[in-house]
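Novice: Here the structure of chain A is known, so what remains is to put chain B in place on it, guided by the hints.
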Amino acid sequence: MTVDPLNLAAILAMAAATYATRIGGLWLLRFVHVTPRVRASLDALPVAVLTAVIAPSLMKGGPADMIAAAITILAASRLPLLAVVLIGVGSAVLLRHVLN
Amino acid sequence: MAGTHQSGLTAVSAWDEFRQGTIAVLPAAVAVVPFGLLLGALAAQKGLSTLEIGLMSGLVFAGSAQMVAVDIWREPAPWVLLGVAAFTINLRHLMMGASLSFHLGGFRTWQRILGVAFLADEIWAMAERRAATGQLHPAYYAGLAFLLYANFVWATVAGAIIGPAIEDPTAWGFDFAFTAIFIGLIVAFWRGSGTALVVAASAVTATLTQIQFGGVWHVLAGGAAGMLAAAVLAIIRE
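Protein sequence lines, in the order shown, are assigned to chains A and B.
Under my numbering, think of the first position of the first sequence as 1, with each following residue one higher.
Under my numbering, think of the first position of the second sequence as 1, with each following residue one higher.
Honestly, the hints are just simulated from the structure, not real lab data.
All values reported here derive from a predicted model rather than from experimental measurement.
Errors might be hidden in some of the hints.
Among chain B residues calculated to face chain A with C-beta under 8 Å, some are [as the list claims (entries may be wrong)]:
| # | residue |
| --- | --- |
| 1 | Ala14 |
| 2 | Ala31 |
| 3 | Leu48 |
| 4 | Leu51 |
| 5 | Leu55 |
| 6 | Val60 |
| 7 | Pro76 |
| 8 | Asn90 |
| 9 | Val116 |
| 10 | Asp121 |
| 11 | Gly173 |
| 12 | Phe174 |
| 13 | Thr207 |
| 14 | Val219 |
| 15 | Gly222 |
All C-beta atoms, glycine included, are put in the ideal place defined by N, C-alpha and C.
Just chain A, with the same shape it has in the complex (with noise of 0.2 Å):
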């Protein structure tokens, strides 16, 4: 139990680092002009961003990953998120196993 100098400087400058890209989006949108094409643009961010974060794994992830992937957006489109996310992985599962 015991903390390096040295590796706490480096989780501070993490810390602090981390924080100031998610304290920074808040004064972001005071020096823009919020225009209804900034809005709209603002709007589609959080799927822009979703899709941005998974879309390169899944493409190397190969075909079982695909189809587990199609399978996950079938079970999103009627099931709760815990539903989706157990008939997700145990299709990556499977289908890895089969596929891979």
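Specialist: Relative to the frame of chain A, chain B by itself:
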């Protein structure tokens, strides 16, 4: 004074909002446990003490940034590099915070300043989803943050302690849990053909950027491309 200046919600409904928040975040809070166990185990392998690992998760609270940091960690700790790496990986939070700022009307200043410290991807997405269908209450946000934060911190500490016994969760498909959560959220945000255009622009740009440059720039590039597509669509529809 108390009568003239009320927050608009009773203690009971605030508690109810909190409870609804913890229920909404439950899938992510379950999925974060194997991830946290692995992160803690990897950090322990790099020579970080259990206390340091707990401090990192408690203060940074950014899973992907910590995963990358643990990967590049060495003795003595390159703290400037680690800080810059965390900043780069978390730049996407700038976009998220900008978008969320529209929905923080019900938050007091201190609630905003404290609340954004917990702006992990899943919490942000759930908060946006709540705001899309009604009012985002601070207690709901606190419920989201509480359960995910608690599980993430104890799971990384537990991972540090039981270290070598942890198996790679990708072998079991646990890594797909986050993909499934994000897919579920994208579907929940679906608003017709406009959304399809945003998804297509973001997916193609993010994948090409990842292939070309590696690292984490694909999140910013894909996010920007999706926003641009929405702006272009807004101009066409005007």
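Novice: Is the hint on Gly222/B kept, meaning its closest Cβ partner in chain A is under 8 Å away?
Specialist: holds, 2 Å
Novice: Hey, does the Val219/B contact hint survive, CB to chain A under 8 Å?
Specialist: holds, 5 Å
Novice: Tell me if Leu55/B is really an interface residue toward chain A, meaning its C-beta lies closer than 8 Å to one of theirs.
Specialist: holds, 6 Å
Novice: Closer than 8 Å between Cβ atoms is the bar; does Gly173/B clear it against chain A? Give me holds or violated.
Specialist: holds, 4 Å
Novice: Any CB of chain A closer than 8 Å to the CB of Val60/B?
Specialist: Since chain A brings a Cβ to about 5 Å from Val60/B, closer than 8 Å, the hint holds.
Novice: Per the CB criterion, is Thr207/B less than 8 Å away from chain A?
Specialist: Interface hint status for Thr207/B: holds (5 Å vs cutoff 8 Å).
Novice: Measuring from the C-beta of Asp121/B to each C-beta in chain A, is the shortest one below 8 Å?
Specialist: holds, 7 Å
Novice: Should the interface hint for Pro76/B be scored as holding, given a Cβ-Cβ cut-off of 8 Å against chain A?
Specialist: holds, 5 Å
Novice: Taking the closest Cβ pair, is Leu48/B under 8 Å from chain A?
Specialist: holds, 6 Å
Novice: Hint check: is the beta carbon of Val116/B less than 8 Å from a beta carbon of chain A?
Specialist: holds, 4 Å
Novice: With 8 Å as the cut and Cβ atoms as the points, is Asn90/B at the interface with chain A?
Specialist: holds, 4 Å
Novice: Mind checking the CB of Phe174/B against every CB in chain A and telling me if the closest is under 8 Å?
Specialist: Cβ of Phe174/B sits 7 Å from chain A, so the hint holds.
Of the numbered hints listed earlier, the single one contradicted by the structure is hint 1.
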